[in-house]
Amino acid sequence: MKVLVAIKRVIDPYVKIRVKSDGSGVEQHNVKMAINPFCEIAIEEAVRMKEAGSASEVVVVSIGDKNCQEQLRTALALGADRAIHIEGATQAEPLNIARILYALVKSESPDLVIMGKQSIDSDNNQVAQMLSAMSGFPQGTFASKIDVDNGFIKVTREIDGGLETVKLRLPAVVSTDLRLNEPRYASLPNIMKAKQKPMEVISLDNLGVTLSQNQEILAVSSPPTRQEGTKVGSVSELVDKLKNEAKVIS
Amino acid sequence: MSVLIIAEHDNHTLSPETSKVITASQSLESDCHVLVAGYQCRDVAEQAAGIEGVSKVLLADHPVYTHWLAENMSALIAEVSADYSHLLMAATTTGKNVLPRVAGLLDVGLLADVVSIESADTVIRPIYAGNALAKVKSLDSKKLITVRASAFDSSATSGESAPIVEIEKVIESPNSEYVSSEITQSSRPELPAARVVVSGGRGLGDKAHFAMIERLADKLGAAVGASRAAVDAGFVSNDLQVGQTGKIVAPELYIAVGISGAIQHLAGMKDAKVIVAINKDPDAPIFDIADYGLVGDLFEILPELIEKL
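Read top to bottom, the protein sequences are chains X and S.
For the record, in the first sequence the residue sitting at position 176 is 176 according to the working numbering, with numbers rising by one throughout.
For the record, in the second sequence the residue sitting at position 260 is 260 according to the working numbering, with numbers rising by one throughout.
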């Protein structure tokens with residue numbers, strides 16, 4: 001079984017972001033970048049499937065400028081077999097990303113596509129679902145457990161009230177939730193070996209995808225700041241403040 | 001053109017989030033229709049028909065829609081969508097599962113987790129875990145929107161009943177099948193709808209100590225929440241997680257106990273009206289956004305607080 005893992009280069013989740021003063025976006029210059037945490041989980045799951053013998057090849061793909069090759073190399077060091085960098089379309093809309101991945105799905109014909117449930121920058125949570133729709137594949141979103149079995153995949157999904165399990169016919173698309181696994185770290189020897197692994201660069205033209213603009217970001221602003229709070233000295237004072245000042249309890 | 005709201009329900013009761021989506025749709029000043037799809041869910045259609053502002057309810061009642069599989073549900077919604085300029089759904093796990101798939105089928109974009117509808121084509125949505133707000137204009141002819149329910153009020157019932165129209169369309173889902181679900185039972189209020197939320201974090205130490213959070217919540221009639229650390233440590237089930245990847249709440253009162261206040265947690269609760277933080281570390285980032293902070297040992301503070309309420 002061939003597994004395709006889609007990953008995204010994003011601002012490191014521990015960085016406190018800064019909104020640009022002209023409202024055009026978020027400061028990306030000289031900011032630490034990383035693999036989106038949900039994508040790390042997707043890589044880990046694919047590699048575990050390979051280690052367990054259920055996957056024969058793990059192909060990792062990322063879309064963006066040349067810099068995202070850094071994240072692809074990391075994915076190779078974590079155990080992916082080869083990487084595909086699709087050049088261009090940095091910060092593209094989810095619909096365009098899904099179109100690009102759909103073109104790749106047609107040429108690579110994977111049995112399973114795994115990706116994170118959302119990227120922590122645009123917080124869209126859309127690409128996996130859109131890709132499934134375009135390719136006609138069933139989808140297992142927000143997966144916290146997966147089992148591949150004889151042409152099918154069982155996905156336990158995190159839903160609002162608890163958990164739900166669905167059984168999907170392969171090929172399918174799965175998006176990962178936080179509790180699917182604990183991603184490993186790349187070891188130094190593996191980082192060295194990853195340099196030898198194949199990395200193919202494909203342009204959008206070669207994929208035959210035309211992008212569209214469906215959304216326009218008019219402005220990016222900082223959220224309103226909260227009024228500064230106070231520290232109270234005791235439980236009695238806290239209860240008193242909540243009752244008489246904030247009036248949120250009676 | 002009209003607005004279609006896709007109702008979320010358990011085949012018996014319309015979800016409180018759907019009621020909030022109806023409120024959000026009122027700013028579009030169009031006819032508001034509600035699609036209720038499910039099995040033996042006529043009760044839900046009747047509840048939706050009684051909500052102020054709803055002028056028609058579409059009911060697709062068939063066993064194939066029992067478990068809300070994304071594959072056939074999205075196909076049904078795409079099929080029904082032809083006459084509508086806007087499709088709205090709550091940004092719950094169900095809305096996030098289904099509506100982007102509809103967008104993929106219709107080849108249009110989607111505006112996710114919207115907190116404000118500015119005009120017929122422009123919305124505001126948080127990005128970067130709520131650390132920035134993006135004003136986004138949709139250029140699509142059909143606008144698909146998931147709504148952050150906590151940013152809107154519930155809608156009122158009208159006392160009248162809008163007509164219910166049955167849809168005969170039956171779409172099978174040959175490639176996916178529902179197996180089972182494990183729904184967490186709780187007598188406490190639901191997290192997204194609660195007026196008061198009490199959340200515990202890693203600071204509680206173990207599952208047994210987390211019971212103190214539950215006792216405090218019961219005293220206040222509050223819902224119980226948790227940080228990711230508390231969920232990962234097995235103190236509570238994951239559907240109680242508050243944050244960027246869990247539930248997003250905006251109650252009147254949010255009490256965070258033993259939670260440091262990582263960016264990802266703040267993303268889920270920083271719009272609460274009053275935030276109380278109880279933590280032994282005076283430098284914990286949670287104090288930056290708390291209206292009332294109490295520095296100290298939660299094992300001493302919690303029993304005293306429970307007693308004094």
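One should not assume that every hint holds.
[As the list claims (entries may be wrong)] Lysine-lysine pairs mimicking PhoX-like chemistry, simulated, CA-CA at most 20 Å apart:
| hint | chain 1 | residue 1 | chain 2 | residue 2 |
| --- | --- | --- | --- | --- |
| 1 | X | Lys2 | X | Lys32 |
| 2 | S | Lys219 | X | Lys231 |
| 3 | S | Lys308 | X | Lys231 |
| 4 | X | Lys231 | S | Lys280 |
| 5 | S | Lys308 | S | Lys219 |
| 6 | X | Lys243 | S | Lys142 |
| 7 | X | Lys243 | S | Lys219 |
Keep in mind that the hints were calculated from the coordinates and are not lab data.
We went through each hint and held it up to the structure:
Among the hinted pairs, X:Lys2 with X:Lys32 is inconsistent with the structure: their alpha-carbon atoms are about 32 Å apart, more than 20 Å. With a C-alpha separation of about 23 Å, the suggested pair S:Lys219 and X:Lys231 falls outside the 20 Å cut-off, and the hint is violated. For the suggested pair S:Lys308 and X:Lys231, the alpha carbons sit about 19 Å apart, so the restraint of at most 20 Å is met. Our distance criterion of 20 Å between C-alpha atoms is met by X:Lys231 and S:Lys280, whose separation comes to about 12 Å.
Our distance criterion of 20 Å between C-alpha atoms is met by S:Lys308 and S:Lys219, whose separation comes to about 10 Å. Simply put, X:Lys243 and S:Lys142 have alpha-carbon atoms about 48 Å apart, too far for the 20 Å limit, and the pair is violated. Distance hint between X:Lys243 and S:Lys219 is fulfilled; the C-alpha atoms sit about 14 Å from each other, no more than 20 Å.
Taken one by one, the earlier hints fail for this structure at numbers 1, 2 and 6, listed in ascending order.
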